[in-house]
Structures are given as structure tokens and as C-alpha cells.
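Participant: Residue numbers (our numbering), protein chains in the order written: chain A, 1 to 303; chain B, 304 to 663; chain C, 664 to 1033.
Everything labelled a hint here was simulated from the structure, so no lab data went into it. Wrong hints could be hidden among the right ones.
In silico DSS-like cross-links for lysine-lysine, where the CA-CA straight-line distance does not exceed 30 Å [claimed, not checked]:
| hint | chain 1 | residue 1 | chain 2 | residue 2 |
| --- | --- | --- | --- | --- |
| 1 | A | 275 | B | 339 |
| 2 | C | 789 | B | 345 |
| 3 | C | 814 | B | 339 |
| 4 | C | 684 | C | 897 |
Residues from chain A that face chain C, not an exhaustive set, calculated with beta carbons under 7 Å [claimed, not checked]:
| hint | residue |
| --- | --- |
| 5 | 5 |
| 6 | 66 |
| 7 | 115 |
| 8 | 118 |
| 9 | 126 |
| 10 | 131 |
| 11 | 132 |
| 12 | 138 |
| 13 | 142 |
| 14 | 147 |
| 15 | 168 |
| 16 | 265 |
| 17 | 267 |
| 18 | 270 |
Ideal Cβ placement from N, Cα and C applies to all residues, glycine included.
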Amino acid sequence: MSLNPTILIQNLLNGLMVGGLYALIAVGYTMVYGILRLINFAFGDVMVMGIYFAYYGATLIRLSFPLAVTVSLAGTALLGIVIDRLAYKPLRNSPRISALITAIGVSFFIESFAVVFFGPNYKPFLDALENKTIAFESFVIGNVYLPKIIFIILGITAIALFILFVIVYRTKIGMAMRAISADIPTTSLMGINVDNVIGFTFAISSALAALAGVMWALRYPSFYPYTGFVPGLKAFIAAVFGGIGSIGGAVVGGILLGVIEMMIITLFPTLMQYKDAFAFIILIVILLVKPAGLLGKRTVEKV
Amino acid sequence: MVTAMRTMKEKTRRDLTLTVLFVIFVAILLQVANVKFDSYQKQVLSLMAIYGIMAVSLNLVNGITGVFSLGHAGFILLGAYTSALLTIPPEQKAMIFIIEPAHPFIANLHTDFFTATIVAGGISALGAFIIGFPVLRLSGDYLAIASLGFSEVLRILALNLQSITNGSLGLKGIPNHTNIWWSWGWLLVTVLFIVSLVKSSYGRALLAIRENPIAAEAMGINVFKHTLLSFVISAFFAGVSGSLYAHWLTTIDPRITTFGPVLTYYVLIMVVLGGLGSVSGSIIGAILFAFLMEWLRMFEQPFTLFGRQYPAIQGMRMLVLSVLFVVTMIVWKRGLFGRAEITWDGIRKLMKKFRRSGSR
Amino acid sequence: MKRYMVFFFTFVVAIVFADIKIGVLLPLTGGISAFGEWTKKGIELAREQRPTVLGEKVVLVYADTRSEKTEAANAMARLTDKEKVVAVIGEIASSNSMAAAEIAENRKVPQVAVTSTNPLVTQGKKFVSRVCFIDPLQGTALAEFAANTLKARKVTIFVDIEQDYSVGLTNYFIERFEGKYKGNVQKVQYKSGDQEFSAQISQAIAFGSDVIMFTGYYNEIALAAQQARSMGYKGYFIAGDGADAPELIKIGGKAVEGLYFTTHYVPEAAKTKKAKDFVESFKKKYGTLPAMNAALGYDAYMLILDAIERAKSKDPVKINNAIRSTKNFEGVSGLITIDENGNAIKPVVIVQVKNGKFTYVTSIEPAQLK
């Protein structure tokens, strides 16, 4: 196939958008990991709960869409704190693997909770929107179609990441977070309430996941209790890709993963059926070359 | 000193006798079950042992060697496909490969169940050997995601290699060979092999690696070689369990719901429920898991609880199971057994305690 | 606890002797639960309208497969061995039906699959039948419709490589279509659960497709259709019976407007009194029009009861013989004749989405597709 520049641009933008969404979720993985050395497997499911909250806020309580999203972000942040307090906090001093497996258990719990209480079927997210055609409107330049939703998502993602960086690198609580990720015992000696900071981290990362979820649902307007599985796994890959524990790495990893995935099947359409395998193969190759991910720090273990 | 040695020896001999007696006892129980149980109960009983093999083999890598692998489903898939392709009669293969005819090499393969299972284990072990080279060079969570990745790559290959695996149409008409004797027999073999491995000098090296890989390396243990060995052995038995699973299910396909990461998570739950690092814990975890998955079905039919009638609630089974699991993890932290094994000494002590409290 | 269990089991046994039990094996949770729920609605309605046979009460025993294979096998064994059902309705997805089929065959209990259209489901099985047509027929019908009615010359097929149903249907479509216009079909692949289809769509546009065909299930169809429209695709959409769920329109909105698909049943086409009554009573009970799965579930139940009556027996083997010799049974989805392989010979219905509703277009008789 000859390379059509229109297709290339379209798919590059698509890749950027998907990558941005991966990045938002990956940041959550990485922040929690940075502090607790815990892979929060339930993250994809937290994201889905964000979608459910926004959906029910707009359809059941009939809030306006922006308000429903705000409520959803707050609700999901709270959910993040509750999950941490109930499931992970009792395991702080147990082997890391116990907490990790508990995270898998929490993931199963959220999924089955949604199945029982929200129903097992796909729900149409369009119901939550006043403008039902938002998902298919495009800017048309000549014969190039550029879906509007892509630009909306890219814009919001950029703003959200900017705010996150301000919080982490320019505020006191952000400093506390960074301190904890370096050394918990010393930080608590400095008079910082470690549990509160951890709670705050869970709140922020969950809210980011909810935001990613709502945008995910805007672009792909159907969701069900297991929707979070694929994005959750991809974001986890993205986080490791960039070097888990590093926020900048998660952003780079997410965007790169989104773009690479899209570009491989655009440039080599015959490989389309192996698409998901590529995400993993690239990851493994990168890890072999740079064992701590792209931007991760290689820690030297002291004996 | 000499008497101590003698009592030690006597103790091992007595423990050995007790173990043999116990195995015979379990065999008798199974025979009784074989006669008394209906085929549904027998089916679940076989599944327990299959899950048991999966759990014990995953425990060798994750619990005993301390390497966090998430690739078990991939090895189970390899074993299941290998053995299924070996036992499905050629006529049946000609019938099911309706999109693309089977590769001539595949089409005419045919062996008995036992050989197929051994070959299945061998192919899985070979797979682990090849995958192990890149994966085991990584550490911690990187290793986890890389092994999960390989398992998914295998599944995606199975989806696409139409002339070998029949793609998503899957294989059907696999002879229904797996019965109580095959599954529990293989579980016994697995346990004997892994327990004697753990008790050997290799096993002690593996435990040392789990506790501190760097110190182990300094002690002259070749960490990479040892982890690779445990990875390969674990994959062998995963392949065996895959073979039993395929001949239990009689039809397999490479879907995410059949051999996806969730299967690995299930096995991991069994292992951790029983206690990561404990062989007996893994078996009990597997039995519990298979039992609960069926028993909790009662919540999905109209049920009575505390004298009140409730309508059937779909999905309740997984909800109850996940709550039970999370609560177990929070309360016991290291699973029901921790790293402890059920040993004859342990049982003796427990009996003594029991008797004492009973006589009081 | 033990005593309680014993009590429980005696209770179950007591039921066995009093009633006729029919097992219902459905994906009530998991990926395709929507189909499972619709089927259940149809079966419940049928049970309400005909609660007895041979003078005995019919009891339905549900078992959820969670859209998984292992679960399907275990649930089926539970139905046949523990619940001692005389017949089983289900499953929906072909791969799960196949896992259950082995057990039906083994225990000699008749199984009536609802919408499992993969030819392999009944292949070589004496106790497995179905109330739907099979994919070769559906694929051929789609190819004829695309070539003759839509005048399609360039077709891109979206194949869900994780679904045997999709891979099979694609294959049968291509066989027929390539016979007419060689080299004019292109396949693009995705997997169940994928949500981003822009790379596939740009392939389809670059190929110059005048028809995009989806052979997967409704959720992916709705999402892909949306993205295709937003990327400027202006041709037709066609699909198989995997599209037939009201959720298609709810999720896809304006984008699926105009989509054609082949299916087993549409309420609008109800001509006989029985079929009209079914639509009315369904509307009364659930407040909505019946979906395809509901009608087939209803028919499966009625067909089994009819077979029990003809067999004049509760013996599963005799019931199975009666099911297998069904001729011109009047179901709400049309006349059902079960052929010697256990497959139903039925017309293919073509439906279009128009003004947010499923609208009947035409029916194609099997004989027309030879």
C-alpha cells in the first residue's frame, strides 16, 4: 500500500489521543507504585467506576454533564481512599506480594460488584450526554476528516497532566509525596503524616483514572463492568515502559505506547491481527535494553 | 548424639510409612467417590486435582523461588494444545479444521493420552526454557509484566495460526480421558517431585534465592541457572495440567476467557489463599477454589438465608468469592497456611494440644 | 451444617420426583450477557404461558456460564447430573455450546442451542440440536444481498479473530462473494474488547469499499460504525446476527442508522396469529418489543415441550428422538424443521436500522440460496 499522508496524520492523532488516555491511567499506577511499591491491579476497575458515577449522575440524578463529571471525580477519589484504607492499609507491613494479590482480589470485587448492582450489560454512554452526536462530529478539511473528540480529549489530558505536575512538583503535599517515595521511615520522622499523604495519592490517582474513564467513554460510548481490563493492562504496560515509579516516564510511556500501537498497524496492515502482541514484544525488548524502563532509575541494591 | 541420629532416622521412616498410608487412604476415598458420586461431582473432583497441579507448579516459581511470574496461563495453553493435537484422531481433525485444513504434520499425529501428556509437559518446559532466557534476566515487577506478556503472545499466536490451532474455532472432540485417577495420580506425581526437589540441595538453593538473591549469588549459587531450572520444571507440570484440562474440557479455544491472564490470576488466588510457598497450602487453595466456584452457585438460584427467601442474583457468586478472598488476605496476610506445610510432626503437636485441652 | 446440607439435598430430590425439570444454560454475566438476558425473558414468558406438560409442572433451572468455557461444562454437568433435568436450553455462543455439547452427548440428555450458528456445534452429535440456521447459510445470504441488492463491488470485512462465529461467517461470505467478484474482498482484524478501530477503518477507506461488513458482536459494531462515520466513510454497513441486540442502536446512535443485518427474527415480520400474540404478550410483560434472542428462547422452550408431549415420556432419550423428528413446528420465529444433523432449516431475515428501529426488509428462503 502506498502511504497516504491523510491516513498517516489521522492515525497519528488517534494514536496520540489513545496514548494520552493510557498516560492518565499510567500516572495513577506509577504514583501508587512510587509510594507503596504496589501495583494497584484494580486501577482499570476504578476507572470504570468513574464512568458509572458520571453516567448515573447524568441519567439518574439528572445533573448537567460537567457537574456529573465533577461528582464522579470526587466520588472516585473517595473510592480510592476507601480501597486503600480497607484493603491495602492492613497489609502495609506484610510481604509485597500479599498486597499485590489483594489488589487482584479488589479488582475482582469491583467487577462483580458492578455486575450485581449495575447489571452485566453494556450501557450506552450517549444517554449521559445532551449532545448525542459529539462522538461523530469531525472537522472536515478537503477530504480529511478529523474527529472533534480527539482534540477535546488531547486538550483535557494536557491540562490534567499540567495540574498534576504542579501538584507534585510545586506544592507541599507534592513534596511530601516525593519524600515518601524516597524513604518512608525518614519522612515520618520529619513529622509528616504518612497515611494522609498516601490517602491523598490514592485520591488524586483515582480521580485521574475517573477523568480518563469519562473521556474513554466519550470516545468509545459503551461500557460494562469489565471495560477496564484492557485499558488497565495497557496503562500498566505503559507505566513499566516508561519506568514504573516515574511520573514523567508514565506520560512518555503512555503516549509512546498509543502511537506505536497505532502506527504499526497503519504501516504494516498485514500484522493487524497481532496488534496486542506488539505492545508486549516492544515492552520486553525495551526492558532487555533498559531494565528499569525508559526513564526509570536503576536502583542499586545494597546488601 | 548417636541416639539422636537414630531417632531422626526412625522418625523419617515412620513419617514415610505414614505418608504412604495417607496416600493409600486418599486413594480409597477416591475409589469410594468414584463409585458413589455422580458424574458432575466426579467432574468437579477431577478439576480440583487439575487446579491442584496448576497451583503447586506455580507455587514452585512464585512461592519457593520467589520469582513473581504471571505467565502460567501460557504454559497451560501450550500443554493443552500440544496434547489435544496429539490425541484427537486424524478423522476428527479433518472434520474440525473447516476454514483451513490442518498442517500435514499436525493432521496425522496420533498418540495415547499418557505420551501426549508427557510431550505436552516437555513442550511447555521447552517454551519456558526459551522464554526464560530474556524474562528471568529482569527483576520484580518487570519480570511479572514480561511473563504475562509472553503468555498473551502465545495466546495471540494460537488465535492466528489457523492451520495449527484452528484459530478461534478451537479444537473440539478431544477424547474425554481425564478422570479421577489420571488427575489425582498426576497431582501425586507433581507433589512428590516438587517436595523432593525442595528437600534437595537444589531446593535449598531456591529458598536461598527467595530470601536474598544477592546473598545467594555471593554464596556461590548461580541464581540465573537455578531460577531457570525452577521455571522449566514449573512449566513442565503446567503443561501436564494443561493436557489434563484439555481432556477434561474436551474442547479448547484460545480466547481470553479460556486461557487469558484471568486464568493465571485464578491460579495465583489458589496459591495465595493456601499460603504462598506452601505446597500443602496450594493444594488446599485449589480444592477450596474449585469447590467454592460450584458451591456458591446456590446464590444464583432462588435461595433462603436466615429464614428469608431471596430471588436469584446473577453475578453473586464472584462477588461473594472476591469478598471472601480479600477478607482472607487481610486477616491471614500470608494466606491460610503461610509458608508452613502440613507435616506429621505438626499434626502430632496439634493432636497433643488437642488432647491436653480435651482432658482439662 | 452437614445436617442442613442433607436436608437441602432431600428437598432437591423431592422436587425431582414431582416436576419436569428443564435446564437453562445461559451467559447471564460476562461479555455477551445481553443475549443471555433476552433469551431468559423469552423463556420465562413461554413458561408462564405453558407451565405444564403431561399434566406435570415444568420447573426451569438456570445456570450461568459467565460466558466462559469451563463454567459452561461445569454448569451443564450440574444440570444433567445434580438437577437431573430432562432437557437443556442453551447456550448462546457457539464455543460454550460446544463445551456443553460433549456432556449432553455423554449423559444422553437433549440440548437445544439457541443462537449458536457455528456448524461445528451439532457436528457428529446425536443429542444436540438448535433452533437457528447455521453460518454457511447466513454468510451466503449476506453475500447475495451485498452483491445483488446493494450492488457491492468492494467489501471490507471486520473480523473478530477471537470469535469462532465471526471467523466462520467471514469465511462463508468470502466463498460466495469471491465466486462472483474475485479479489474484491479485504479482511481487517480486531479482537473482542478492542475499542479503537481507526487503523482498520482507514484501511477500508483506502481500499475504496462501498460496503463494510461486520461479522462480530453488536458492541464492537456500534463503536466501529461510529468511528467510520467520523472518519468520513459514506458507504453501506452490513452485519450478521451478532448485531441483533437493541443495545446496538442505544450505543451506536445515529452512526448505525441504515445498517443492514441478517437475523432469525424481527417482531415486525410477525404474520401468524401465534407470532403476533407473542409480540403482544411480550410487550405486556416487559414493556418492550422482543429481541431476536427472546423469540428463539421462547421457541426453544415450546419446541422442547412439544417434543415431550409427542414422546409422551420424561425419558431424555425419547424426548431427544422427538426433538430430532420435529417437522414444521410453528414457532414465533417461523416454521422450524430439524434436519438429520440437528440444525433448524429456517429462512434468513434481513433487517435494517431505520429511524432508530429494527425494520423488516426481506426474508430469504434456504432453497433460494442453493
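Participant: Next, verify each hint and record whether it holds.
Facilitator: Taking the hints in turn, this is what the structure says about them:
1. The suggested pairing of residue 275 of chain A with residue 339 of chain B is violated, with an alpha-carbon distance near 50 Å, which exceeds 30 Å.
2. Taken as a hint, the residue 789 of chain C and residue 345 of chain B pair is honoured in the structure, with Cα atoms around 24 Å apart against an allowance of 30 Å.
3. A threshold of 30 Å between alpha carbons decides the hint, and for residue 814 of chain C with residue 339 of chain B the separation of about 64 Å lies outside it, so the pair is violated.
4. With a C-alpha separation of about 52 Å, the suggested pair residue 684 of chain C and residue 897 of chain C falls outside the 30 Å cut-off, and the hint is violated.
5. The beta carbon of residue 5 of chain A comes no nearer than 12 Å to any beta carbon in chain C, farther than 7 Å, and the hint placing it at the interface is violated.
6. Using the Cβ-Cβ criterion of 7 Å, the hint placing residue 66 of chain A at the interface with chain C is not satisfied: the shortest such distance is roughly 21 Å.
7. A distance limit of 7 Å between C-beta atoms decides the matter here; for residue 115 of chain A the minimum to chain C is near 5 Å, and the interface restraint holds.
8. Against a cut-off of 7 Å between C-beta atoms, the interface hint on residue 118 of chain A is violated, since the closest Cβ of chain C lies about 12 Å away.
9. Because the smallest distance between the Cβ of residue 126 of chain A and any Cβ of chain C comes to about 5 Å, under 7 Å, the interface hint for this residue holds.
10. Annotation: residue 131 of chain A was flagged as interfacial toward chain C, and the flag is violated, the nearest CB pair being 11 Å apart, outside 7 Å.
11. At its closest, the beta carbon of residue 132 of chain A sits 6 Å from a beta carbon of chain C; the interface hint therefore holds under the 7 Å criterion.
12. About 5 Å separates the beta-carbon of residue 138 of chain A from the nearest beta-carbon of chain C, less than 7 Å, and the hint is met.
13. With a least beta-carbon distance of about 10 Å to chain C, the hint placing residue 142 of chain A at the interface is violated under the 7 Å criterion.
14. The beta carbon of residue 147 of chain A comes within 4 Å of a beta carbon in chain C, closer than 7 Å, and the hint placing it at the interface holds.
15. Using the Cβ-Cβ criterion of 7 Å, the hint placing residue 168 of chain A at the interface with chain C is not satisfied: the shortest such distance is roughly 29 Å.
16. Taking 7 Å as the C-beta cut-off, the interface hint given for residue 265 of chain A holds, the closest approach to chain C being about 4 Å.
17. A least Cβ separation of about 10 Å between residue 267 of chain A and chain C goes past the 7 Å threshold, and the interface hint is therefore violated.
18. Restraint check, residue 270 of chain A versus chain C: the minimum CB separation of about 10 Å is more than 7 Å; hint violated.
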